[in-house]
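The residues making up each chain are set out below.
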Amino acid sequence: MARSPIKHLIEKEGIASIFFLVFCQVLALKFAAGIGTSNQAPSVAHAVAPWIFGPFQILLLYLPPWLGALVFPLIFIAGLAGLPWIVDYWGVKSGQRIFMILCGTVILLLIWFMMKEFWWI
Amino acid sequence: MKDQNFVNHIRPRFIPDGVLTILYTFCLGGLSFLAFVILGVTGFLLMFHYQPGDSTGFGSILTIASVIPYGSVIRNLHYWAGQLMVVTVNLHMLRVVWTHSYKSPKQLNWLIGVALLILILVLDFTGYLLIGSQESGAAATVAVNILGLIPGMGKGLAQIMFGEPSALSGSTLVVYVWHCVGLPIFALFLQLYHFWRIRRDGGVRPL
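Note that the protein sequences, when read in sequence, are chains A and B. For the first sequence, counting from 1, position 35 maps to 35 in my numbering; every step adds exactly one. For the second sequence, counting from 1, position 95 maps to 95 in my numbering; every step adds exactly one.
Extracted from the complex, chain A is given alone in its bound form (with noise of 0.2 Å):
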């Protein structure tokens, strides 16, 4: 396999992370962090999880406790983490389907989350 000096790969990141850096503060500069209803507040907020675990909390909405926030993610956690093994026994076109399984479930989910409470963020 040909082979090239480091130099390049540094100079590629160096890209990537310049474009990386701006575009961070282009957004820390143009859009605000939520701060959240003040713990003082007379009346209690309507607790919208962040949109990272949009997913979770469409699970906890529907399912039992046990169910949703302990069997589902452990389920989600062990086939991720069991992939390589996975695929060694049942193949690359059955892994990647489970993979592909655990991760359309993850974004319907979330799609799911952001219909339901359209003020995610």
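The hints are simulated quantities; they were obtained by calculation from the structure and are not laboratory data. Each statement offered as a hint is correct.
A few chain A residues that don't get close to chain B, going by computed Cβ distances all over 10 Å:
(1) Ile58
(2) Tyr62
(3) Leu63
(4) Tyr89
(5) Trp90
(6) Ser94
(7) Ile101
(8) Thr105
(9) Leu108
(10) Leu109
(11) Ile111
(12) Trp112
(13) Met114
(14) Met115
(15) Lys116
(16) Phe118
Think about it this way: if two alpha-carbon atoms lie no more than 30 Å apart in a straight line, the pair counts; the simulated DSS-like pairs of lysine-lysine are:
(17) A:Lys30 x A:Lys116
(18) A:Lys12 x B:Lys103
(19) A:Lys7 x B:Lys103
(20) B:Lys103 x A:Lys93
(21) A:Lys12 x A:Lys30
The beta carbon of each residue, even a glycine, is placed where N, CA and C say it ideally should be.
With chain A fixed as given, assemble chain B onto it according to the hints.
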């Protein structure tokens, strides 16, 4: 002797040509680490003014956001770097699966990657709790109740992870220490080991 140190191990003098194409890795692993560094620097600056606690957490966030010079920008940067890190880590995982880079001999590194993903999500969650708002109090209550479902050790685990958050604020000293010291140090060491293992397992190789 020179080739045996850590930096020379993860940065060898020559790398395969195929790795240089941006469309192979999209630099997602490196960008995730960069986000982690931004989070470390901005988090360190925020620590000078943040005070954890039921009554002080939310107030100090307001002070940072509206009184401290550049506090708002630094906090926003911390927030957005955290959000982007979750995105880049997930995309990095998708790329690894797409290029079959989890296969032998890289299984252990895949497991470390999964552990890092979970760790990043826990870091994100503890950061959310530290805002000390009503929403963070609700989130802390849910998390404590979920951990309490684990038979035998659930309540103890919740105590270790969150302390005793009130329903109106998730900001506690325990969460603060985990978020600022315990979890980042653990994540840093896992990341360094993750990088070291990439080279140990033969480096990033295009299909």
